[in-house]
Amino acid sequence: MKEPVIDVTPAAVGNEVRQMKDAGWRLVGLSGAMVDDEQIDILYHFDKDLTLSHFRLRAPRTAPLPSISAVYSAAFLGENELQDLFAVRFENLVPDFKRTLYLEEEITTIPFATNVKAAEKKT
Amino acid sequence: MFDALVTRARVKSPWVLHFDCGSCNGCDIETLACLTPMYDIERFGMINVGNPKHADVLLVTGTVNHRNKKVLQALYEEMPDPKVVIAIGACGLSGGVFRDAYNVVGGVDRVIPVDVYVPGCPARPEAIIDGVVAALGKLRQKAVPTAAGAGGNGRFHPRMKATGSS
Amino acid sequence: MARTVIPFGPQHPVLPEPIHLKLVVEDEIVQEAIPALGYVHRGLEMLAQKRDFHQMVQVVERICGICSMIHSLCYCQGIEEMMGIEVPRRARLLRTLWSELHRSHSHLLWLGLFADSFGFESLFMQLWRIRERILDLNEATAGNRVIVSVNVIGGVRAEISEEQQRWILGEMAGFERDMNRIRSTLLEDYTVKSRTVGKGVLTREMAYELGAAGPVLRGSGIAQDMRQLGYAAYGDLDFEPVVEAAGDAYARCKVRFGEVMQSIRLVRQILGELAKETDPALAAKVKGRPEGEVVCRVEQPRGECLYYLKGSGKPQLDRVRVRTPTFANVPPLLAMLPGVELADVPVLVLSIDPCISCTER
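Residue numbers (the numbering used here), protein chains in the order written: chain P, 1 to 123; chain X, 124 to 289; chain S, 290 to 650.
Same shape as in the complex, but just chain P (with noise of 0.2 Å):
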């Protein structure tokens, strides 16, 4: 990517995504994609008079992540759209719809990791 990229760790996330808000950026949105079969890497685009900035957050994809949603409350859809895909897990998540923004409750199977069931998930 020719914008810059910050690596963000997941306890620094909400930090640094709020610091990025203070200095008046705007959230585009979020973006997820499988690295291997464990780690996900989701990156958080910043806009701010048409230059862009991205955070990259690279994590297992079985621990939960702290969610943005408090910084920025539109976040929610861009983070539960990842747990419907991804089946990670967003704490404190507002509101949360527990993986079933896109897909009925009865589905099991997660899109992007498809050797990973879901049934665990349903708590």
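Hints are computed from structural coordinates only; laboratory data are not their basis.
Note that the structure is a prediction, hence the values are computed from the model and not measured.
Careful, some of the hints might be misleading.
As the list claims (entries may be wrong) - Simulated crosslink set (EDC-like; lysine to aspartate or glutamate; CA at most 20 Å straight-line): (1) K311(S) / D96(P); (2) K193(X) / E104(P); (3) K311(S) / E104(P); (4) K565(S) / E452(S).
Given the structure of chain P, go ahead and fit chains X and S onto it with the hints provided.
Positioned in the frame of chain P, the structure of chains X and S alone reads:
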């Protein structure tokens, strides 16, 4: 006599319900375009309604997915008999370009019986109107199963005697 | 005070597409709106792993039938950036031309549906009658009315002949005349104003914080338009984003009307540039396979659209991620609904120009 009147009214002025299943909007806007002055489907007496309980014809665009198949089923069951279903566009027929996607069940006929298939990606308004007119023949056939000329070109003449009961 | 939950959608007369909102209502006043999506979710992003990167052009075109050309434009630009392909200028101008035609047909479609949402049916019919002019242009130049499918990686696949260019110019004059004739009804009529002015106000700060995009953002006074990035041939054209300050449904309507008129001016500029362009090349050769990551943005009729593409030298891309404008405009919609009357909900839902098949893909 009264039955014949009802049948005639139904075939001459079918009320249409449109439901978008999982279409890309291409077929939807073409279906809506049928209602507008250029194509003007109302010259066949058709009115677009929002309530399935008033509808005779169900126009379905797009593929069926796991969530909207329940809605589609419910809409179909709420419609009074006799009713016909028209599947519009490549996606409504078989799934189209989306057939390999994980959340796609397939064509409309996987969920409810379909009477008329209108191909195209997106289907042209002319094709949709043609499909609806063909569906009227089916509607008449369903309303009057034993009538002479049923299943023909869908045209209905007042002197055609409706002999069966619906 | 009776508190009730009223379901809105998925099948609703004003909505061409299924979206479901649970409206918590207290005496006709909406207190809260909870969305339920997924009625159009197909899983198109996943198809990238089954189709090669050339075939994906046809798939992304069908994310949304209304802005299909601009979806494939964004995708192709992303791939071209990844592979370092230089697109001929003629192809860039033609892409810009088709995307402006798409923008004006999409806005006319929306203006019509918007009029229909408050029951002004004759205005809906008039706007859609005008829209047929654009569809005729699409059909004559590309072969299909809605999904024009002109983009290929490296350029475009169709040329617009000089005769067609003259015809487009003539059509634009008629189009502009029609729009000017309808302007007073659309923007000054009592019926329209009474249902839209002051409804669903989104302040400048709210719009920015909630990440609104496109006409919703510009209707709240923020002059941001991705076309200012100068992608395709927009860098050579002269235009200013259309901005309104009020932030209500009427302002969003005005922005879209202004953008239709802007599109007409842009089409004229493009045709002028095309006449000067001497190089007849339409598409560059594509060699190799895409590798790397790229983020690409374009301005769709509904707003800013972002593609994230990731390839690893295979014919199939690893990831195609689409952040569509309506996806960004759902949180602002949920923010503007509390406090409005139930009867205004359809108008406000339409005022963000919802494209559900984009949102859910």
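Outcome of the hint check:
no., hint, verdict
1, K311(S) / D96(P), "15 Å, holds"
2, K193(X) / E104(P), "11 Å, holds"
3, K311(S) / E104(P), "17 Å, holds"
4, K565(S) / E452(S), "15 Å, holds"
The structure shown violates none of the earlier numbered hints.
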